[in-house]
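Colleague: So you can see what is in the structure, the chains are spelled out below.
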Amino acid sequence: MVPITTLHYLVVAAALFVLGTIGVLTRRNVVIVLMSIELILNAVNLNLVAFSRMWGNLHGQIFAIFIVVDAAAEAAVGLGILIAFFRNRETTNVDEIDLLKW
Amino acid sequence: MFLNHIYLIPLFPAFGAAMMFFFGRRLQKATVNAVCVGAVVVAFLFACFTVVDYNHFAHGTGQPFEKIVYTWLGSGDGHLNFIKRDGTPSAFNADAGFLLDPLSAIWLLFVTGVGMLIHIYSTGYMAHEGGYYRFFGYLNLFMFSMLTLILANNYILMFVGWEGVGLCSYLLIGFYFHRKSASDAANKAFIVNRIGDAGFLLGAFTLVWYLGSFRFTDINLLVRSGHYLIGDHILTAAALLLFLGACGKSAQLPLYIWLPDAMEGPTPVSALIHAATMVTAGVYMVARSNAVFVLAPTAMKTVAIVGALTAIFAASIGLVQNDIKRVLAYSTVSQLGYMFLALGVGAFAAGVFHVFTHAFFKALLFLGSGSVIHAMSGEQDMRHMGDLRGRIPITYKTMFIGMLAIAGIPGFAGFFSKDEILWQAWTSEGGAYRALWFVGFATALMTAFYMGRLIFLTFFGKPRMSPEAEHHVHESPKSMTVPLVVLAICSVGAGWLGLPHSLGGTNRFEKFLDPVFAKEAHVMQAEEPKQLAAGQKEEERTDPMEYGLMGLSVLAAVVGLGAAYRSYASAGKDYPEPIAVAAPPLYTVLYNKWFVDEGYDYIFTGRRKVGDVRLGVLGAGEASAWFDSKIVDGAVNDVGWVTRAVGTLSTWWDKWIIDGLCVNGPANFARMLSYPARLFEWGLMQWYALVMVAGLIGFTVYYVWK
Numbered sequence: 017m018v019p020i021t022t023l024h025y026l027v028v029a030a031a032l033f034v035l036g037t038i039g040v041l042t043r044r045n046v047v048i049v050l051m052s053i054e055l056i057l058n059a060v061n062l063n064l065v066a067f068s069r070m071w072g073n074l075h076g077q078i079f080a081i082f083i084v085v086d087a088a089a090e091a092a093v094g095l096g097i098l099i100a101f102f103r104n105r106e107t108t109n110v111d112e113i114d115l116l117k118w
Numbered sequence: 038m039f040l041n042h043i044y045l046i047p048l049f050p051a052f053g054a055a056m057m058f059f060f061g062r063r064l065q066k067a068t069v070n071a072v073c074v075g076a077v078v079v080a081f082l083f084a085c086f087t088v089v090d091y092n093h094f095a096h097g098t099g100q101p102f103e104k105i106v107y108t109w110l111g112s113g114d115g116h117l118n119f120i121k122r123d124g125t126p127s128a129f130n131a132d133a134g135f136l137l138d139p140l141s142a143i144w145l146l147f148v149t150g151v152g153m154l155i156h157i158y159s160t161g162y163m164a165h166e167g168g169y170y171r172f173f174g175y176l177n178l179f180m181f182s183m184l185t186l187i188l189a190n191n192y193i194l195m196f197v198g199w200e201g202v203g204l205c206s207y208l209l210i211g212f213y214f215h216r217k218s219a220s221d222a223a224n225k226a227f228i229v230n231r232i233g234d235a236g237f238l239l240g241a242f243t244l245v246w247y248l249g250s251f252r253f254t255d256i257n258l259l260v261r262s263g264h265y266l267i268g269d270h271i272l273t274a275a276a277l278l279l280f281l282g283a284c285g286k287s288a289q290l291p292l293y294i295w296l297p298d299a300m301e302g303p304t305p306v307s308a309l310i311h312a313a314t315m316v317t318a319g320v321y322m323v324a325r326s327n328a329v330f331v332l333a334p335t336a337m338k339t340v341a342i343v344g345a346l347t348a349i350f351a352a353s354i355g356l357v358q359n360d361i362k363r364v365l366a367y368s369t370v371s372q373l374g375y376m377f378l379a380l381g382v383g384a385f386a387a388g389v390f391h392v393f394t395h396a397f398f399k400a401l402l403f404l405g406s407g408s409v410i411h412a413m414s415g416e417q418d419m420r421h422m423g424d425l426r427g428r429i430p431i432t433y434k435t436m437f438i439g440m441l442a443i444a445g446i447p448g449f450a451g452f453f454s455k456d457e458i459l460w461q462a463w464t465s466e467g468g469a470y471r472a473l474w475f476v477g478f479a480t481a482l483m484t485a486f487y488m489g490r491l492i493f494l495t496f497f498g499k500p501r502m503s504p505e506a507e508h509h510v511h512e513s514p515k516s517m518t519v520p521l522v523v524l525a526i527c528s529v530g531a532g533w534l535g536l537p538h539s540l541g542g543t544n545r546f547e548k549f550l551d552p553v554f555a556k557e558a559h560v561m562q563a564e565e566p567k568q569l570a571a572g573q574k575e576e577e578r579t580d581p582m583e584y585g586l587m588g589l590s591v592l593a594a595v596v597g598l599g600a601a602y603r604s605y606a607s608a609g610k611d612y613p614e615p616i617a618v619a620a621p622p623l624y625t626v627l628y629n630k631w632f633v634d635e636g637y638d639y640i641f642t643g644r645r646k647v648g649d650v651r652l653g654v655l656g657a658g659e660a661s662a663w664f665d666s667k668i669v670d671g672a673v674n675d676v677g678w679v680t681r682a683v684g685t686l687s688t689w690w691d692k693w694i695i696d697g698l699c700v701n702g703p704a705n706f707a708r709m710l711s712y713p714a715r716l717f718e719w720g721l722m723q724w725y726a727l728v729m730v731a732g733l734i735g736f737t738v739y740y741v742w743k
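Respectively, the protein sequence lines represent chains A and B.
Heads up: the first sequence begins at 17 in my numbering, then just goes up one per residue.
Heads up: the second sequence begins at 38 in my numbering, then just goes up one per residue.
Accuracy of the hints is not assured; some may be wrong.
A partial selection of chain B residues facing chain A, derived with a Cβ cut-off under 8 angstroms [as the list claims (entries may be wrong)]:
#1 Glu718
#2 Trp719
#3 Met722
#4 Gln723
#5 Ala726
#6 Leu727
#7 Val730
Which chain A residues stay away from chain B? Per the calculated CB distances, all over 10 angstroms, these [claimed, not checked]:
#8 Ala31
#9 Val60
#10 Asn63
#11 Arg69
#12 Phe79
#13 Ala91
#14 Asp114
Rather than coming from a laboratory, the hints here were simulated on the basis of the structure.
Each residue gets a CB set at the ideal place from its N, CA and C atoms; glycine is no exception.
Make a model of the complete structure from these sequences and hints.
Modeller: The following block contains the structure:
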């Protein structure tokens, strides 16, 4: 059996990050995009915690708490924007949110 | 005393013409007669006294009398100076001057004399015609011009008279201008004359450019000084140009065409202008310029040949014409040819003598034909005459005398003058012109024939006229017959003035003219001292050849008259023309006047086209019109086309280059640039996210590799 080093945690975090990125880039539904953004943020959290274990201090974990708070606020605001938009346009398709264009 | 007022002679008829111009319409016929005929009678008497005065003045030396009344052109201050050919400056001087010498004295006498007789005749002939005062006004104007021409002392004043007689010829030929044929004939006369006038002017100007003066006395002095060689090119050119003028005025070969048509005018006009006076102006001018001509043997040869050819050519046409006046017209052209033949071979005095005698008998013949026409109530075609000799005896007798004179029967005027010409043609320059003697001989034969034909058809034979015309045949009034008788007497008497040595006379005529022509003998003798110069009567014994030739010409006259008698003296209703019977194609050619008028229409006037092309003056007009419409207008159209093409080009440039490239180009370029720029503001959120990720990966890769 291979011992689980920090690297493994980093790889998992990277994988989650990539998945989240791909979700942001490719999903049609705005809610799913927001969920993907959460996934990215959580991947970063995981990265930070892994580094906290590696270095043996709590810096990483404290930062992770901050990010959680930030993620929650961001999700709230995002959903608020989504609902405002939905009331206007009756759609959740991200392709149709293109009013801010040239 | 009369001599000093020689300028009055032309002014008498000028006064008559002016009176007719201003007051003629209101005057009675008798007043017109008194003024106009009186003017010419006074002129004639004055001329007689003047010539008598001149004889006292000259004492037989023939010294010319010159009187300059005033300077007309040119002056002392020299503003009309010019450079002569040899480079020296000379003053242009043409004065209103009058010259009287034996040559102009002769012309003066017969012009005023015959003119006077014709004026008297016209009072009878024109009595029933309209425009009586206009006729006499023109006639007087003509006398004025002719007298100016004769008495002028320089070429320019002579040209004034030259043009004046041409103008009066036009006015009088076209007297019945309501008839198109008459006005056409007048136009033809004037236009053909004008061609000659161009030659006259060019000749005169050549002489002044070469010699420096227009005056005859100056020119004679210069030319006879021995300074100029025989055959001088410029003098030859001047002589030929002057002769061209003479051809136009005196109806010689290329320019004779106006004279037969000029018979459209009233008969006295034909008699005066086209028989006795105007047509002799050319002969006068050449005789006056004899000093120049003698130095130009080429020109003399040309004159002689043209004269001889004209003589025989016109005589051939006269053989078959049916209009009595036309026969006489061609006869005039033919006799003028004789005169130029004489001048050309150097027999100037003989030529002048023939002018003198011809004036009388031709005027007689024309006036007589006028009398015949008057008797026939206007009929001019000889085919409708006949057997008139008993009915109009005076006319018949006088015309018979005229015919004998022109045919050259001994004793009558024409014999002496024509014979002199033929003898000079035979002997001149050692026989160089013998061929022309034969031409003259043949012409004499033809002259006798056609004149006999004229007389026999008119007066002999059976009457061929309509019964009403026959009823009206009457002798003309005294005003017409008396001039006829006077002219008949002159036709006999005038000849004896020139009785040659061979027949026992002293040839006073020629002696009178010696001083005018004999001086050139010095020049000719310098070249060929062995031969006799023309005009000098040195020999006292006559060449027996002269009698032989004389006999031959009399034989020709008799044979011609005899043949005419046989053919025409008993001509009935449809008499046959011997030439038509013997050689019909020749008759057609002669009857149609050798188709010369038609030929001129093809070549010179362009009234008939040669195939598809129009030559001549009208052809030039057509060519000019074609040039103008095709080439000039084409050029204009082409310029317009070019302008439009440039406009199109400009449009293209503006639309594609300026607008497309310069204006729209940058705009499109900016638009092209905008496409990528748009990507920054798509509005697609996920695209923005992708760009962010791409940038992030880029940075990461960059830093990993660094």
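Colleague: Check the structure against each numbered hint from earlier and tell me which ones fail, lowest number first.
Modeller: 14
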